[in-house]
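Undergrad: Residue-level listing of the chains:
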Amino acid sequence: MIGFFKDIGQANDLRKENTQLKQENEQLRNQVTELTIVKNRVFELEQALNIRIANLETAYLTANVIGFIQLPFRSELSINLGSIDGIKAGNIVLSPQGSLVGRVTSVKKNYAFVRLVTDSRSRVASQILGGTTTGILSGKATRELNFMLVIGKIEKGDTLITSGLGGLYPADIPIGKVKEVNSNAQKTFPQVVVEPFIQITNLRTVLINTNFLAILPELSQ
Amino acid sequence: MIKIGVTGIIIVITILAQVSIAPLLPISGALIDTNLLVIVFISSYLSRKIALGALLFLTLLAGSITNISYEWIFLAYLPAILLIHFFGLITKDPSPHLIRILAVGAITGIWARILMSLVAFSEGASISLITVFTQILAPGILMDILAIAIFYGIFQIVGLNKSYSISSTTYNN
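Chains P and X, in that order, give the protein sequences. If you read the first sequence in my numbering, its first letter stands for residue -10, the second for the next number, and so on. If you read the second sequence in my numbering, its first letter stands for residue 33, the second for the next number, and so on.
Keep in mind that the hints were calculated from the coordinates and are not lab data. Check each hint, because a few of them may be wrong.
[Unchecked claim] Partial list, derived from the structure: chain P residues whose beta carbon lies under 7 Å from chain X:
| # | residue |
| --- | --- |
| 1 | Asn53 |
| 2 | Phe57 |
| 3 | Gly79 |
| 4 | Ser95 |
Ideal Cβ positions, reconstructed from N, Cα and C, are used throughout, including at glycine.
Working from the sequences, and respecting the hints, build out all of it.
TA: The structure is reproduced here in structure tokens:
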């Protein structure tokens, strides 16, 4: 009997939750519509001004992760697409949610290797979302990121995105959130630890931006 | 022949574990090195010829799967075979004692991690000595020693140490 009333109570809660979710869904749909309109407008204006930044026709290939390569200071993935699928060294790799995973560094016929942002050899020119603070992100041994040479104000919880500077990565790709900021007067730059949005071991599928090709010294040779 | 076949299968499983399961269990910046474990135990329980063949096979497989140059992989794990042989010569007892296997595992583990750190450094990684010691070597050695002790215990239970007499006869070949 008690269980029956409990179930009724739960059903009411679920109904309320359902209504809330429907409202939230509607809001999000509206936001998507607004953003699409703004994006199209930006594209039109860029065309009118004869500049090209926003790319509405970004081509993504979906790849499966077939291996995690974790060695001291090295953090890589192997994926099941290779040169026969159109993958090239320098292509950018994103998570299905759109966060930066890394960059294709080596391509074989049927598979390729991706250097993750958390690899100690990675360097990503980054900036704070909605701000002007810039710096360079580099991987740490512990799967976190160091935000180096930071110029500008930075706080815990700030979101970092790619700045597009240097030509290695396109701009405006989310990377992670600031976890720790240690600054003192003796240091020129604050020590900033960033937690990446991607969790390497949860990645099973990745998206490869085949339109973008990083400007790499080895590629231009 | 069966021994070689089983060794080959173990190596394939080991390498697959290294790129699938091992990354799920990190301690600080270090992971369990299944390649090291398999080479240390093969060197301890089987003949040098089989151990060298196993290392070559592991190098070829790991090199193609992990995008690391073959020579670095070979150099990283070669000391395990040499040290087992060396300890066998100086003690005139080639049988697999726990302390000896632990020592070989720890030394080779340190060497392999330092070598891989240097390779990463040469490829542009920003590395500090403190990080290497505190986040790579210290947790790495702990994991190696723990894993070796556990597997040694399992081999004791299944009686592999007793059957060692078969391989010890080929030790001086």
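Undergrad: Next step is simple, just say for each hint if it's right about the structure.
TA: So, going through the hints one by one against the coordinates:
With 7 Å as the threshold, the beta carbon of Asn53(P) stays out of range of chain X, its nearest partner Cβ sitting at about 13 Å, so the hint is violated. Annotation: interface hint on Phe57(P) holds; nearest CB of chain X at approximately 4 Å, less than 7 Å. Given the 7 Å rule on beta carbons, the hint for Gly79(P) is violated: about 16 Å separates it from the nearest Cβ of chain X. Interface hint status for Ser95(P): upheld, as the beta-carbon distance to the closest one in chain X is roughly 6 Å, under 7 Å.
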